[in-house]
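K.L.:
Top line first, the protein sequences correspond to chains A and B.
Heads up: the first sequence begins at 1 in our numbering, then just goes up one per residue.
Heads up: the second sequence begins at 1001 in our numbering, then just goes up one per residue.
These are computed hints drawn from the structure, not numbers from a lab.
For every residue, glycine included, the Cβ atom is placed at its ideal position computed from N, Cα and C.
Errors might be hidden in some of the hints.
Said to hold, decoys possible - Here are the simulated BS3-like cross-link-like pairs (lysine-lysine), alpha carbons at most 27 Å apart as the crow flies:
(1) 1182/B - 2/A
(2) 1182/B - 6/A
(3) 1071/B - 8/A
(4) 9/A - 1089/B
(5) 8/A - 1181/B
(6) 1173/B - 9/A
(7) 9/A - 1181/B
(8) 1059/B - 2/A
(9) 8/A - 1173/B
(10) 1173/B - 1071/B
(11) 1182/B - 8/A
(12) 1181/B - 6/A
(13) 1090/B - 2/A
(14) 1071/B - 6/A
(15) 6/A - 1173/B
(16) 1182/B - 1059/B
(17) 1182/B - 9/A
(18) 1182/B - 1090/B
(19) 1071/B - 1059/B
(20) 1059/B - 1089/B
What the hints assert, rightly or not - To give an idea of the chain A side of the interface with chain B (calculated C-beta under 8 Å), a few residues:
(21) 2
(22) 10
(23) 11
(24) 14
(25) 15
(26) 17
(27) 27
(28) 29
(29) 33
(30) 37
(31) 58
(32) 62
(33) 64
What the hints assert, rightly or not - Some chain A residues well away from chain B (every beta-carbon gap over 10 Å; in silico):
(34) 13
(35) 50
(36) 51
(37) 53
(38) 55
(39) 59
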Amino acid sequence: MKDDEKEKKLISLLAVRRPEAFWQRQRNAITGAAAQSRGSSRAWLLAPAAAAAAVLVVFLARLPGPAPAPETQIVSTAFLEHLDLLDDMDVLEAVPENEL
Amino acid sequence: METDKNIKAKALAGTDPESAFDLLIEEHQRQVYSLALRLTGNQAAADDITQETFISAWKHLKGFRGDSSLKTWLLRIAANKVRSYWRWKKLRSWVGLGPRDGEEGAPALQDLLADRPEDRPEAAALAADLERRVQAAISLLPPRQREVAALRAQELSVAEIAAALGMAEGTVKAHWFEARKKLEASLGEYL
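This is chain A alone, in the form it adopts within the complex (with noise of 0.2 Å):
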């Protein structure tokens, strides 16, 4: 046999073989960890801004609170659908916590 034969036939034993089903999950693999690595990095960046947010929210919560405003009369339907749900945590609460 010839010395390049041999150098070809030596090289394609070394090659790693796989089915296809094998380099799609690798390729799902791949692209999924990299999503997450953006993420966690995206994360970064907001971490600045979440920290000016706190601040924020404990700056406006020392503020004096706003005078109640007047009772609104206004029932909307949402809430009357769900006077039954809140009849039943009315009961919920009711009963003695032993027996529930």
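Using the hints, position chain B against chain A.
P.N.:
Only chain B this time, still in chain A's reference frame:
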């Protein structure tokens, strides 16, 4: 080379980064994984190294000057990651820690099954046996010869291997000559 330019252009333009990343993986995944597997002899480690190589490359694509091809650049990153893997392994054994749980060298049988169902399972058994023999033969080589042989197995030219490993072409040729002699002796029955 044309595809490399497309990938970089798409990525830098920022118009369609997802598809550029998919293209980068699809184009070079087999070579990166094969190199990692042949150099570590460990399926799980090769998977991790492949993943880390693509993520690192993607992060630093803007810094890629294009002096070499994207392929040799990726393979160079992968080879560096393999070196780090061996350093980490050495360190673990030095401090008396064994291999991690789930660290298995042999590939799972389903990963060796042929695409055509009629070729199973005889082909899988033969492939598994051949895989073990080839991996064992490569693992017996000294590190530099192993790197050169693993890259030659990706059909890279001597010049490309030299670029990927940062070696002189003459050194690559000498390593390949030695590696080939040893591999032909170990795998003679298949040649």
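K.L.:
All hints are to be evaluated individually against the structure, with a verdict given for each.
P.N.:
Hint check results:
no. : hint            : verdict
1   : 1182/B - 2/A    : holds (18 Å)
2   : 1182/B - 6/A    : holds (14 Å)
3   : 1071/B - 8/A    : holds (21 Å)
4   : 9/A - 1089/B    : violated (33 Å)
5   : 8/A - 1181/B    : holds (14 Å)
6   : 1173/B - 9/A    : holds (18 Å)
7   : 9/A - 1181/B    : holds (14 Å)
8   : 1059/B - 2/A    : violated (45 Å)
9   : 8/A - 1173/B    : holds (16 Å)
10  : 1173/B - 1071/B : holds (20 Å)
11  : 1182/B - 8/A    : holds (16 Å)
12  : 1181/B - 6/A    : holds (11 Å)
13  : 1090/B - 2/A    : violated (41 Å)
14  : 1071/B - 6/A    : holds (26 Å)
15  : 6/A - 1173/B    : holds (16 Å)
16  : 1182/B - 1059/B : violated (39 Å)
17  : 1182/B - 9/A    : holds (15 Å)
18  : 1182/B - 1090/B : holds (25 Å)
19  : 1071/B - 1059/B : holds (16 Å)
20  : 1059/B - 1089/B : holds (26 Å)
21  : 2               : violated (12 Å)
22  : 10              : holds (6 Å)
23  : 11              : holds (6 Å)
24  : 14              : holds (4 Å)
25  : 15              : holds (5 Å)
26  : 17              : holds (7 Å)
27  : 27              : holds (5 Å)
28  : 29              : holds (6 Å)
29  : 33              : holds (5 Å)
30  : 37              : holds (6 Å)
31  : 58              : violated (36 Å)
32  : 62              : violated (42 Å)
33  : 64              : violated (48 Å)
34  : 13              : violated (6 Å)
35  : 50              : holds (23 Å)
36  : 51              : holds (25 Å)
37  : 53              : holds (28 Å)
38  : 55              : holds (31 Å)
39  : 59              : holds (37 Å)
Checked against the numbered hints given earlier, the structure breaks hints 4, 8, 13, 16, 21, 31, 32, 33 and 34 and satisfies all the rest.
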